[in-house]
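Residues 1 to 142 in this note's numbering are what the sequence shown spells out, letter by letter.
There are no misleading hints in this set.
The calculated SDA-like cross-link candidates involving lysine to any residue, where the alpha carbons are at most 25 Å apart (straight line), are: (1) K48 to L123; (2) K48 to L75; (3) K133 to L81; (4) K133 to Y52; (5) K57 to A45; (6) K133 to T5; (7) K57 to M32; (8) K22 to T127; (9) K133 to D76; (10) K133 to L11; (11) K48 to G58; (12) K67 to R79; (13) K133 to E121; (14) K122 to D76; (15) K57 to H20; (16) K57 to V38; (17) K133 to H12; (18) K67 to H78; (19) K67 to L81; (20) K67 to A130; (21) K57 to H16; (22) K22 to R9; (23) K67 to D134.
Note that these hints are calculated values from the structure, not bench results.
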Amino acid sequence: MRNDTRLSRMLHVLIHMARHEKPATSETIAQMLGTNPVVVRRTMALLKEQSYVGSVKGHHGGWRLAKPLADITLLDIHRALGGASIFAIGLSTDHPECLVEQAVNAALTDAFDAAQALLLEKLGSVTLQALAKDFEERYLTV
Numbered sequence: 001m002r003n004d005t006r007l008s009r010m011l012h013v014l015i016h017m018a019r020h021e022k023p024a025t026s027e028t029i030a031q032m033l034g035t036n037p038v039v040v041r042r043t044m045a046l047l048k049e050q051s052y053v054g055s056v057k058g059h060h061g062g063w064r065l066a067k068p069l070a071d072i073t074l075l076d077i078h079r080a081l082g083g084a085s086i087f088a089i090g091l092s093t094d095h096p097e098c099l100v101e102q103a104v105n106a107a108l109t110d111a112f113d114a115a116q117a118l119l120l121e122k123l124g125s126v127t128l129q130a131l132a133k134d135f136e137e138r139y140l141t142v
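Please build the complete structure, drawing on both the sequences and the hints.
Have a look at this one:
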């Protein structure tokens with residue numbers, strides 16, 4: 001099963017966008033991510049719906065940040081991208097009448113819920129500004 005890398009990839013794009021004055025075209029972003037501009041436009045449209053980015057039409061158009069990095073958290077972007085399940089692990093429901101399956105699923109559900117709550121809390125506490133600051137510090141030491 002492939003990992004869902006949209007969150008990581010879009011965070012990467014947004015930090016790059018913040019570092020440039022000109023709008024980023026879908027083609028430029030697609031080239032950076034090794035994907036198709038149509039995929040970029042669809043994904044960026046999700047962020048635009050939540051007012052994290054805006055689009056500029058015309059010859060010098062493209063995508064721009066619509067909010068300061070300090071006002072956007074990792075959780076915000078995760079949710080804007082559809083809030084995909086954090087875990088790829090699923091529950092077996094082949095035998096719902098089986099008491100062992102019920103016990104296993106209850107234990108796993110409790111564990112998944114607790115882990116997901118902790119992760120979402122952490123994502124909500126980290127801003128894109130913190131990521132940009134971390135990048136700057138790393139850049140200065142290279």
